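Protein chains in written order, with the working numbering: chain A, 365 to 693; chain B, 365 to 693.
Where hints are given, some of them may not hold.
No copy labels: a pair is met if it fits in one copy or bridges any two.
[Stated by the list, open to error] Cut-off 20 angstroms, straight-line C-alpha distance, at most; resulting in silico cross-link-like pairs (EDC-like, lysine to aspartate or glutamate):
(1) K366 / D593
(2) K366 / D570
(3) K543 / D673
These are computed hints drawn from the structure, not numbers from a lab.
In this text, all values refer to a predicted model and were calculated from it rather than measured experimentally.
Protein chains: 2
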Amino acid sequence: MKKLINHVDTVLAESLDGFATAHADIVVLGPEREFVRRRTVVPGKVALISGGGSGHEPLHAGFIGHGMLDAACAGQIFTSPTPNQMLAAAEAVNTGAGVLFIVKNYSGDMMNFSMAAEMLDVENATIIVNDDVAVENSTYTTGRRGVAGTLIVEKIVGAAAQRGDKLAQLKALGDAVNKATASMGVALTSCTVPAAGKPTFQIGPDEMEMGVGIHGEPGRRRVKLGTADEIAAELTGAVLKDLNLPRGQEVILLVNGFGGTPNLELYVMVNAAMKILNAAGVKVVRHLTGSYVTSLEMAGCSITVTAVDDAMLKLWDAPVHTAALRWGI
Amino acid sequence: MKKLINHVDTVLAESLDGFATAHADIVVLGPEREFVRRRTVVPGKVALISGGGSGHEPLHAGFIGHGMLDAACAGQIFTSPTPNQMLAAAEAVNTGAGVLFIVKNYSGDMMNFSMAAEMLDVENATIIVNDDVAVENSTYTTGRRGVAGTLIVEKIVGAAAQRGDKLAQLKALGDAVNKATASMGVALTSCTVPAAGKPTFQIGPDEMEMGVGIHGEPGRRRVKLGTADEIAAELTGAVLKDLNLPRGQEVILLVNGFGGTPNLELYVMVNAAMKILNAAGVKVVRHLTGSYVTSLEMAGCSITVTAVDDAMLKLWDAPVHTAALRWGI
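Chain A on its own, in the form it takes in the complex:
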């Protein structure tokens, strides 16, 4: 296992410390590293809290700040954070307007955020993200998995919270964005969880995992390595089939790297995906390309499409100032 770490037991703590140091203008690390929170909370604003297993950076802590999340709870790598972490985060950033959890649909996260929601003695709601169209149930999931679309939900709902929308509105908006979002990914290589010390799965030199999850869990099928055009056709095709968009529909396109894929290849995938989207008459009005929802150093990518109306697009464009996403400010 080749990693820039000191020890498998300290990698998360040291990474969080480095993150908090590098972004001290935006975030503060909570006691015992239970959460990362926004340095300055906004009184009267609904508190947006997300979290999940680590290994998907910059998700979620990289999306804390103006116009996005107020706090994020980091579990160990590919392991849910605990309800206590979520309660501690809620206590730190709730200013009386309620708490909104944004949760990727994985069994561990669902159970722990649900427990936290029950124990929380302030008004709260939960948005469940399940944008992955690859498989209906999966290794760690009942129903569809929550993957890169989470970033789009967090951005749009975050902007609405920043302008002062109330809890019920934000919950409804988040559910709507989730419903308008579909993703699917492909892996060319496995990732290696530090504590495991060996690749999560074996894959041949001429194989790829189509529909892979963000922990390297199995997708639809193991197939021979394809070209960028073939991969984009299958990923984008599955996404479009799920969304069933009318011609002329405006969308955001997110081509997301899994951590080990260079930008050079991600832009080849943008080019390939655009051919499919153009042919389908879908109008890409905003692009985001980069490694935002990762699986450690896994090579591969996912394609996410979100159908947007003018209101959602305005929220997408609203100023954001986080470690990983920043514009207008």
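The hints should help you fit chain B onto chain A, whose structure is shown.
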């Protein structure tokens, strides 16, 4: 070779097309993809042009836009662009205030930018970046190599050009920033150039290349895999030895991933580097962490330190709007 591509002969063209599509609000692709230029040039502003071999994305095209570059010329992967590309770029973005080339010190780039400078019939100057302290001469270099520090030179000089500084001032500023900047990197794995189809170098499962260049070329020595703390001590130590900074000196710290290293590990390296910098009494006033100057999918990172005065810091903080670096706008 596992890559998200269609064909080795078309990867660069398709990637540039995808890049230009995704960032059409900022850039335009020149005829025959000879260069990428800023969509809107600013009359009376010195034109900043950089470029080099591809495979280092987001360098350089990702740094085109307000407050940074006006154009970038992309050569084939790890191959210099031609003088004709630079001349075409200069013609497209020069508005009469002269042209400033920013060139990484590699023999091919130096020769071709130098030829372009001679052929150019407008006032011009060249900043040569040679921030890599690992080795004095190298596979493709006479003198030190130009690596991740290039981004810092481009940001600071770009901001000065944006505010209207003249060519001679910009040349002097760029030389000063280069002199105040030092970098060194380590590779855990090789990269694979698509046209070669196999790894650039062989490296054992317990080895790393200390002082590697951004094309995977040899560095100082091949050593046993070390911990993050040991690696940070050697990289940061070499950088600090070169810069010989007084205690209390303010610096920018760039921890740069080479393309195959996840953010989780880069922040472990930030944490490790900070221990060395704090012990040396150096004051890190700005951080940048991410994969900005890459070597395709190589795993590893580099550490760059730039000593800044108030004027340089103000230029670093000035608004920038490019594909890969954006703030204040």
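Hints versus structure:
no.: 1; hint: K366 / D593; in the structure: between (31 angstroms within a copy, 14 angstroms between copies)
no.: 2; hint: K366 / D570; in the structure: between (22 angstroms within a copy, 7 angstroms between copies)
no.: 3; hint: K543 / D673; in the structure: within (13 angstroms within a copy, 50 angstroms between copies)
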